[in-house]
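In terms of the UniProt record's numbering, the sequence shown has 143 at position 143, counting the first letter as 1, and numbering is strictly consecutive.
By construction, these hints were calculated from the structure, which means they are not laboratory data.
A portion of the hints provided could be inaccurate.
The calculated lysine-lysine pairs, modelled on PhoX-like cross-linking and capped at a C-alpha distance of 20 angstroms, are [to be verified]:
| # | residue 1 | residue 2 |
| --- | --- | --- |
| 1 | K143 | K64 |
| 2 | K64 | K126 |
| 3 | K77 | K12 |
| 4 | K64 | K154 |
| 5 | K64 | K105 |
Simulated DEER-style distance windows between Cβ atoms [unchecked claim]:
| # | residue 1 | residue 2 | range |
| --- | --- | --- | --- |
| 6 | D100 | T140 | 29 to 39 angstroms |
| 7 | L72 | Y52 | 18 to 28 angstroms |
| 8 | S38 | D100 | 48 to 58 angstroms |
| 9 | Y52 | Q15 | 30 to 40 angstroms |
Note that the coordinates shown come from a computational prediction; the quantities given were computed from them, not determined experimentally.
Quick reminder that beta carbons are idealized off the backbone N, C-alpha and C, glycines included.
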Amino acid sequence: MNATTQTHPNEKLAQYMWTAFILMFFVLQAILWTFAISMTAGDKSHTVVAGYDEQALQWDDVRKTQIASERLGWNAKFEIGETADILDNRIVTLELTDQDGQSIKDPILSIRAFHNGRAADVQHLKFQSTGPGTFTSVITMDKAGYWQFEGTAKVDDDTLLVKDKLWLNERN
Numbered sequence: 001m002n003a004t005t006q007t008h009p010n011e012k013l014a015q016y017m018w019t020a021f022i023l024m025f026f027v028l029q030a031i032l033w034t035f036a037i038s039m040t041a042g043d044k045s046h047t048v049v050a051g052y053d054e055q056a057l058q059w060d061d062v063r064k065t066q067i068a069s070e071r072l073g074w075n076a077k078f079e080i081g082e083t084a085d086i087l088d089n090r091i092v093t094l095e096l097t098d099q100d101g102q103s104i105k106d107p108i109l110s111i112r113a114f115h116n117g118r119a120a121d122v123q124h125l126k127f128q129s130t131g132p133g134t135f136t137s138v139i140t141m142d143k144a145g146y147w148q149f150e151g152t153a154k155v156d157d158d159t160l161l162v163k164d165k166l167w168l169n170e171r172n
């Protein structure tokens, strides 16, 4: 062997150390990416809104529906109950009135609710009629803050788009 083909033992060790050092950075990067993806995918405050892209593509139709809903002159008013049980369940009251202030009778309600900080935790509410134009449902409200209520109220061919945001001061 001549001097050009021989490697010094320290040089061989340096090759292994640098290779291991670079591979360690790749492994560390893979661990960090896995952690970041799992944190983002598992976070309930980040969610994909179902049908959002379709609404954007059909904006003209969506806007026509909104205008028709506004022209009805109907009013939807939500109210959150003052007290909650030990499971954080509260009574939500919905009052529906027409343009003359008269109660809307026998609507088909499709309402969902979620906390603004946890948009992935959607609750579909099942309302019961408690009087003319008044409906109640039970909802689990375990977080203080803004709660979003949205959906539809249909009577025959008329559809009211319901959307409201209410503040819950505290859990109890």
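We went through each hint and held it up to the structure:
A C-alpha spacing of about 35 angstroms is found between K143 and K64, which places the hinted pair above 20 angstroms, so the restraint is violated. A threshold of 20 angstroms between alpha carbons decides the hint, and for K64 with K126 the separation of about 27 angstroms lies outside it, so the pair is violated. Restraint check: the Cα-Cα separation between K77 and K12 comes to about 77 angstroms, which exceeds 20 angstroms; the hinted pair is violated. At roughly 16 angstroms between alpha-carbon atoms, K64 and K154 fall within 20 angstroms of each other, so this suggested pair holds.
A C-alpha spacing of about 24 angstroms is found between K64 and K105, which places the hinted pair above 20 angstroms, so the restraint is violated. Checked against the given bound of 29 to 39 angstroms, the beta carbons of D100 and T140, roughly 35 angstroms apart, stay inside it. Between L72 and Y52 the C-beta distance comes to about 25 angstroms, which sits within the given range of 18 to 28 angstroms. Under the hint 48 to 58 angstroms, the C-beta atoms of S38 and D100, about 54 angstroms apart, fit the expected range.
In this structure the supplied range 30 to 40 angstroms is violated for Y52 paired with Q15, their Cβ-Cβ distance being about 53 angstroms.
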